Amino acid sequence: MPKRRTAYKVPKKFSIARARLAQRLISERVLEEDILPPHICYAAGVDLAFLDNIAIAAAVVIEYPSLKLVRKEAIIVDIKFPYIPTLLAFREVYPSYVALKHVGDYDILFVDGNGKLHPFKAGFACHLGVIVDKPTIGIAKKLLCGKVGEWYGDKAPIFLNSEVVGYALKTGRSKKPIYVSVGHKITLETAIRLTKAFTKPSYKLPEPIRQAHILANNQKAALCENTV
DNA sequence: GCGACAG
DNA sequence: ATCTTGTCGC
1 MPKRRTAYKV PKKFSIARAR LAQRLISERV LEEDILPPHI CYAAGVDLAF LDNIAIAAAV
61 VIEYPSLKLV RKEAIIVDIK FPYIPTLLAF REVYPSYVAL KHVGDYDILF VDGNGKLHPF
121 KAGFACHLGV IVDKPTIGIA KKLLCGKVGE WYGDKAPIFL NSEVVGYALK TGRSKKPIYV
181 SVGHKITLET AIRLTKAFTK PSYKLPEPIR QAHILANNQK AALCENTV
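First residue of the first sequence: 1, per this note's numbering; consecutive thereafter.
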């Protein structure tokens with residue numbers, strides 16, 4: 001009788017090793033193909049604001065092509081996990097997931113944070129995208145890793161291990177670009193096209209993220225007033 | 001070992 | 001992300 005053993009060791013408590021294992025499993029589930037409706041009507045966006053150890057998670061739904069805000073919900077959750085570069089998802093995924101459940105259905109999701117533009121190709125956008133199982137686009141305002149390639153008009157590829165994992169994209173009137181990458185169920189090309197489609201000419205960020213950010217901060221301000 | 005490092 | 005005022009320009 002052969003000796004029975006586990007395929008690999010799975011730590012029971014949190015550890016960097018366990019987090020990396022989770023990220024590897026997440027990255028293996030990410031689908032970089034367009035599995036989305038032929039015509040996008042609604043795009044959801046999520047963003048968080050913090051106050052001590054609590055997070056205010058805001059989720060919104062933007063209609064296309066009007067780019068009007070049609071749904072918005074915010075929730076409050078206690079936060080224990082700290083912000084650690086490359087492990088952002090472990091701090092923000094749960095609140096985001098809960099807030100998203102309150103805005104109903106949508107065709108695509110915009111997340112503020114990277115998708116595959118991550119050291120282990122498992123950024124926050126991949127993590128959340130796989131969990132909610134929706135076409136997801138990652139939008140970051142700063143470069144986490146990788147090297148910016150040659151610019152072609154308004155965009156430049158981001159290389160990581162000689163592989164294109166995202167694009168720097170100049171939107172609105174901003175000199176600084178935003179960084180677009182695949183979260184889940186979408187190709188990089190479509191992610192860029194939809195990011196542009198959901199971004200108003202005068203703003204740098206796509207509406208789903210911009211509106212979610214505004215809502216999160218408004219809710220935080222309202223919460224502070226009630227505390228005073 | 002050192003520096004960098006989404007939100 | 002958060003702490004913070006004014007300010008330059010379209």
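Calculated from the structure, these hints are not laboratory results. Predicted model only: the values in this text are computed from it and were never measured. Please note that a few of the clues may not be correct.
[To be verified] Derived DSSO-like pairs (lysine-lysine); straight-line CA-CA distance at most 27 Å: (1) 101 - 147; (2) 72 - 200; (3) 175 - 101.
[To be verified] Distance windows between CB atoms, simulated: (4) 201 - 80: 36 to 44 Å; (5) 16 - 221: 34 to 42 Å; (6) 39 - 85: 33 to 41 Å; (7) 13 - 159: 32 to 40 Å; (8) 170 - 81: 43 to 51 Å; (9) 201 - 17: 41 to 49 Å; (10) 161 - 200: 16 to 24 Å; (11) 142 - 80: 36 to 44 Å; (12) 78 - 13: 18 to 26 Å; (13) 21 - 174: 36 to 44 Å; (14) 227 - 154: 40 to 48 Å; (15) 104 - 81: 35 to 43 Å.
Idealized CB from N, CA, C, for every residue including glycine.
Each hint, compared with the structure:
{"no.": "1", "hint": "101 - 147", "in the structure": "violated, 36 Å"}
{"no.": "2", "hint": "72 - 200", "in the structure": "holds, 19 Å"}
{"no.": "3", "hint": "175 - 101", "in the structure": "violated, 35 Å"}
{"no.": "4", "hint": "201 - 80: 36 to 44 Å", "in the structure": "holds, 41 Å"}
{"no.": "5", "hint": "16 - 221: 34 to 42 Å", "in the structure": "holds, 35 Å"}
{"no.": "6", "hint": "39 - 85: 33 to 41 Å", "in the structure": "holds, 37 Å"}
{"no.": "7", "hint": "13 - 159: 32 to 40 Å", "in the structure": "holds, 36 Å"}
{"no.": "8", "hint": "170 - 81: 43 to 51 Å", "in the structure": "violated, 33 Å"}
{"no.": "9", "hint": "201 - 17: 41 to 49 Å", "in the structure": "holds, 46 Å"}
{"no.": "10", "hint": "161 - 200: 16 to 24 Å", "in the structure": "violated, 35 Å"}
{"no.": "11", "hint": "142 - 80: 36 to 44 Å", "in the structure": "violated, 25 Å"}
{"no.": "12", "hint": "78 - 13: 18 to 26 Å", "in the structure": "holds, 19 Å"}
{"no.": "13", "hint": "21 - 174: 36 to 44 Å", "in the structure": "holds, 38 Å"}
{"no.": "14", "hint": "227 - 154: 40 to 48 Å", "in the structure": "holds, 43 Å"}
{"no.": "15", "hint": "104 - 81: 35 to 43 Å", "in the structure": "violated, 28 Å"}
When held up to the earlier numbered hints, the structure conflicts with 1, 3, 8, 10, 11 and 15 and fits the remainder.
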